[in-house]
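Starting from the known structure of chain A, fit chains B, C and D onto it as the hints suggest.
What follows is the residue order along each chain.
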Amino acid sequence: MSTVLKLTDLEVDFQINGTVVNSPLRGMNLEIKAGKTLGIVGETGCGKTLTATAIMGLLPSSAVQRGRIEFADRGEITSKEMAEIRGSQITMIFQNPASAFNPIFTVGEQLKMVAQRRNIARNQIDALLVSRLASVGLKESKRVLDSYPHQLSGGMLQRCMIAMALISTPKLLIADEPTTALDATIGDQVLTLMSTLQKREGFAMLFISHDVSAVAKVADAIAVVYAGRIVESGPTDQVMNWPQHPYTRGLLGAIPSADKARGTLVAIPGNVPSLLTSVVGCAFAERCSLRSDKCSQEPPIVQINSQSVACWEVGK
Amino acid sequence: MLGGGQMSEVVMQISNVSKVFPSREKKEGFTAVNSISIDLIKGEVLGVVGESGSGKSTLARCAFGITAPTSGSITILGQDLAGKSRRSTRELRSNLGFVFQDPAGSINPRMNVRNAIAEPLLLAGQSVQEIDKRVAFLMDRVGLATSQLNRKSHELSGGQCQRVAIARALATNPQIVLLDEPTSSLDLSVQAQILNLLEELRRDFNLTYFLISHNLDVVSHLSDRVAVMRDGVFVETGITTKVINDPQHPFTRELIRAYSGVHKSDGVLPAGFHLDDWQDGPLNRWAFQNIDSFLPVARIEASQSPIDLPVSIDPAIDTLEIEASGNTYTLPELVNDLDTDAIVVVRKGVVVYEKYFNSMVPESLHLLQSVSKSILGALFAIMADRGVIDINKKISHYLPELLGSAYTDATIAQALDMSVAVNFSEDYLDPESEMTRLDRAAGWRSNSTGRDLGLRSFLKTLTASGEHGKAYQYCSANTDVLAWLISDVTGMSYQDLLTRELWQPMGAGSDASVILDSQGLSVGNGGISCTARDLALFGQLILGEGRAQGRQIIPVQWIRETFAGASPDVISADYLQALHPGGSYKNQWWITASQSQEIFGVGIYGQYVWVDPTSQTVIAKFSSLPVPVDPVHSRKHMALFRAICGVTISK
Amino acid sequence: MSFLFKDKLTGTATVMMLIFIVAAIFGPWISPNAKEGAGATNVDNSYIGPGWQHLLGTDELGRDLLSRIIYGARPALLIALAVVGFAAIIGTLLGLIAGYAGGWIDNLIMRVSELFLSFPPLLLSLVAVTFLGPGLINALIALIISWWPWYARLIRVEASIIKSKPYVEISAAMGVPDRIIILRHILRNVTTPLIVQIAADLGTVILAAGSLAFIGLGAQPPSADWGLMVAQGRNLIFDQWWISTFSGLAIFLAVLSFNIIGDALRDHFDPRIARQ
Amino acid sequence: MKILWNRLSSALLVLFAASFVTFTLARVIPSDPSLAYIGPKATAADAAQLRITLGLDQPIPVQYIKYLGETLHGNWGYSLSTKQPVLQEIIDRLPATLELVFFAMSFALICGVAMGVYAAKYRGRIQDSIIRILAIAGVSMPAFWLGLLLQMLFAGRLTWFPATGQFDIDLKYDNPITKITGFPIFDSIVTGNFAATVNGLHHMVLPALTLSAYSFGLISRMARANLLEVMSQDYIKVARAYGLSERIVFFKLALRNALPPIVTITGLSTAYLITGTFFVEQVYNWPGIGSFAVNSLISIDYPAIMGITLLAAIGYLVINFIVDLIHAKLDPRVWMR
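Residue numbers (our numbering), protein chains in the order written: chain A, 1 to 316; chain B, 317 to 967; chain C, 968 to 1243; chain D, 1244 to 1580.
Chain A on its own, in the form it takes in the complex:
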């Protein structure tokens, strides 16, 4: 199966007047296969969204990016090449559909702008939009197209956003917390829709969320991110059922449920680190119960079952 996206040692620094003030991405390595979904899971500030922003080439000017981004059969691509395929071969849906649509244009006008950009013949645009909206389950396409964003519910807007992302039949769809701003039941419908569409259209998906169960629903593989680096990755079932990295174990143990006795959730001590401080060695070490002296050095990537785990202590 062919690879759609491959990141090698992707790093991002933020600089003010030439001095690095923040290094939120510290070497991301990941690969997405055609037609498959990779889920990225992590807590606030771990660099999930920044990874998406970097792939799309939309980092602010104060950011410095290093490492390789390879896309489909194009090989390594520069930010200039990315500007060409952005919005056509790679599209993105965003966390908050209510703010992702421009309040003063109708949904139809905004979808049309994107379609026009894709050089679709003028007389075919209407039909295309109707079809796209129908495929995301919005049957009253005329009403939807003529609506302003504030007239539609969050769930409907997110469907419109997905329709927008599929106008150009992309190879890769990046979904950045697509269900976070929605009610759980609506979010679940959106997840189902995305899986169905993926089956039909065959795009690969990078699914970013802090919600482990949402990611587990749609992803074929999961990458757990902590402080700007992947600490564990592998097939969804494996990672969910046999987590290896202490952080992954902690994270899964922290999910509350009726089955777990009250007061017994795994509570990783401390807080998610702020990235203002530079990290030496394993970033998780200070919250880790397995911590040893070695942890002050960069942990190696070890293979356990079918997972890759960045830790000194597991698999010994």
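No lab work stands behind these hints, which were simulated from the structure alone.
Since we're looking at a predicted model, the values are computed, not measured.
Heads up, none of these hints are tricks.
Derived BS3-like pairs: lysine-lysine, alpha-carbon spacing no greater than 25 Å straight-line: (1) D:Lys1364 - C:Lys973; (2) A:Lys112 - D:Lys1480; (3) B:Lys558 - A:Lys260; (4) A:Lys80 - D:Lys1364; (5) B:Lys400 - C:Lys1130; (6) D:Lys1495 - A:Lys142; (7) B:Lys358 - B:Lys558; (8) A:Lys6 - A:Lys36; (9) D:Lys1495 - A:Lys112; (10) A:Lys6 - D:Lys1480; (11) B:Lys468 - C:Lys1130; (12) B:Lys358 - A:Lys260; (13) D:Lys1495 - A:Lys80; (14) D:Lys1572 - A:Lys112; (15) A:Lys80 - D:Lys1480; (16) D:Lys1364 - C:Lys975; (17) D:Lys1572 - A:Lys142.
Just chains B, C and D now, with coordinates in the frame of chain A:
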């Protein structure tokens, strides 16, 4: 715990509480909480779970005296808060604690941690020494270091702010604590810390929690009892494990499904549904009736003045005995054997037989498959008659995009008659056949090949295999080309054309639909779904030489040509001759060339419109056969139809 | 306070403002000719152009212009402080009551302040000072009349936002009396927007007071008032250009430095805007 | 439509109240208007007689109702200084002021928006800083002083523009303007009086420039701030993510989104222009409402002051009303409520 039964002491009684907010839209206002009653029992955790706008926060605010309810009463520890001044209820209020969602907003940004925690103690009139002692104790209990006493909220993390909020809530030793989304803005790992802390404090101080959250996981983890709230009412209340394991209300089930880690289909799609399998049995029983649940469709609109065919059921039809494939069946047996979803028989303009199966109802739409082609044929007759197109012109004349493809030199007429010579294998089961590629391009199958994105791009790739017009070769792609062509020439979508030219003039009773590909092009070869009645009505239109509602809709000439069949010069196909000796394919219709001169449209998995001019009968039949094409099924259908029409003759 | 020197422009403005403050406080001691600054005439010296003797020249009564301008700093700054101070006190009081109480009290206070705001800026002051009679004190009262509603409106909006913050709701639910909530929670949290607004208004008030004086409705001769001095030099603008030019320049620089500092203060306290 | 009606009715209410406030100010405040009318040498008896003639002896509410009735009938009283009907004075002078405001506003709006856009585009660079200084200078500049400076420089030293007046004095002999609408420059264009047009525009430059400084500062600051605010919104990020060109993102989307607040500030700055004309017309001897207003204020010509105040309040209301209309047109969230 609740097990105590008669020992349980009610600490808060909420009876018939409603809260109505004034509303711009509605004069009577918006009812956020609608007459809710529930008791809070000492030592329990009552969890209220609901989505945004369910009214759960409003309920909590009413219960804890933050806002006054519009009606109903709240009794806390035997006392009523309503109508009393803040001062006189201060003592009672010291039994209440509050923890809100927004950790930073819970603490006055100008106050340090010490003063924030001390506020309720100050109110209770304690001395500075007492306060400092108490604050130190609380800080320790919620896991904050004394070094943080002088910090302000912006110097604390979200989790720490929430710990301060909890410490303040516990300052006056309250009995009941309101937890309104206490962990919703925290990260998962911090949420776990706070949830553990809350449980620990509850045990140590014998607290009663009133927990509000949108997060079912949090509520089900922490609560003894759970109430599921929606639109201002509790739709389900009960012991947590019971509600979670055996939910009664559909919304509870939906909520639980949304929170379960395993991905289950969302109720619209049946279990085991996969885009690559939906056409085969048994999935097609559901799929053919529910195309719009998984494929994009556009509407073909019903007539404003629909024709309602008179009904006079002929009981004789059900008593027919039919010989087919070496067996003798009664008609109901054969109908059942052929996996029928619907069958409608119209004799001389009167409905004489009408049956629906597989949960179909008269209003249900069903996929026509290739019967759709016959409808396209009729549309082309109308457009040609009106001079919009010339069917003897080359297709590439109208669609220059197809220059270089198989359709460079083929005429519209040749495509209508299926005599285009094209490299196209109509093998429904071969994953690499052109037919399968066509399905992928139309979005009918999953497509991860990166090719054939949309019908247009697929159709351009078809190549010619010889001279056109010489031999009959059934090729579904021809019809898709024609649907593309007609909407390009007229500048109207295919569905709008059908609505305007055919569906409304013929008096269709229901909206029909047509499947769209990813680019919005209608799938002409088999994408229409309609009701059985409307399909019969269409057959009736053909039978009536194109007239309906007093208007000539389809030119007579064309209908006569169709009945006459294809020119004998065109080389036919063995399978066609085997089934219908002397039969042919003309204008997107099949011609039987039998004694009764029937013509028909047929779609895979058993879809038919059967027009018998001799007995003046039209039969519309929908089925969900397990396989696309099987000669045995075909013969059984012929036998069935002819038997039904035969009844007519015998009368 | 480092934000007062965050860039060259703000730094310059801060220095300029300090100079004006020094002039206002120590005017009699630092001006080249304190007597003339206070109003003593010296008709023999009238209309001397700018030079070493008189850096900014002399006016029609032979007074040293630089001294006059230094003396003018005090009334200018005082009126600015007084107007903004009183307007802020009245406005904050009414705004707090309106924002916290809500209901008909809120409605009444807001309708009244809207009424005052329904006149074009400064017009009400002009009319009021006309009927009160020209003079510095009357100008001050007139300016307060048209300034307080802005504060009432600002504080009311802020108060009603803070009122719905969880910490206020929790306090109220615990039984903390309104009086204490207003003082402890609301007043303390409106100070930031209040300071930002005051800083932004100081310059504008100097400008407004200057305008009143220019058409003769503010300070009266022989006071050293910048607006008045511009008016006095107005008919001499083509020949004894320095009188109006330098007096006006004093107004302009004072207003400019206050406005720049106001901007810096706003950026400092409201980082959302500052990022832009 | 309902919004429109609500606005209109509340506007009438405000107008009613505004007239009451001015009226009260004029009556309650110590300086007795009758004194201004008959001069300081009059005897007490004369004054008493006059008070009766003017109806000043009656209770304030009665006086007010009388005043209101008269006002509604177009009787705005007689100016104490010119002895002409106030309404006539206002009608005669209004066109000159409106033309001045029109040119000043146009200039401020065009330059303000252009500069604001330019500054936003080059945020943080030298262009941005220069425009920022210009804008702050604009709002810090006393109009009367700027007027004098420009007069001294461009009329006095350089003699590029006339120092005062609306037209050259000889114009009314050489090329008299035929009165059609009363708006002199407009009339001169309509009647093809080219010489008068040029002369009028020539006189217009300095006053319009002076008047526009404040509005320019406000508008350019607001335009810049709002553009940057809009540029940081999610939907702009989305537009970029979908490959829309920077040109479209900036000019078609962002600028369009930034318009509503620019319209608001334009309305507000037009209101500033109303009082701004008082000083500018005074400096340039412009025969409009502004100079009339200043003269009335100085001479405590209370019928004229009340008339002008009422007119200004009406003008302000009309401006706000127009702003609301445009606002609603630009932002669907407003008109769809």
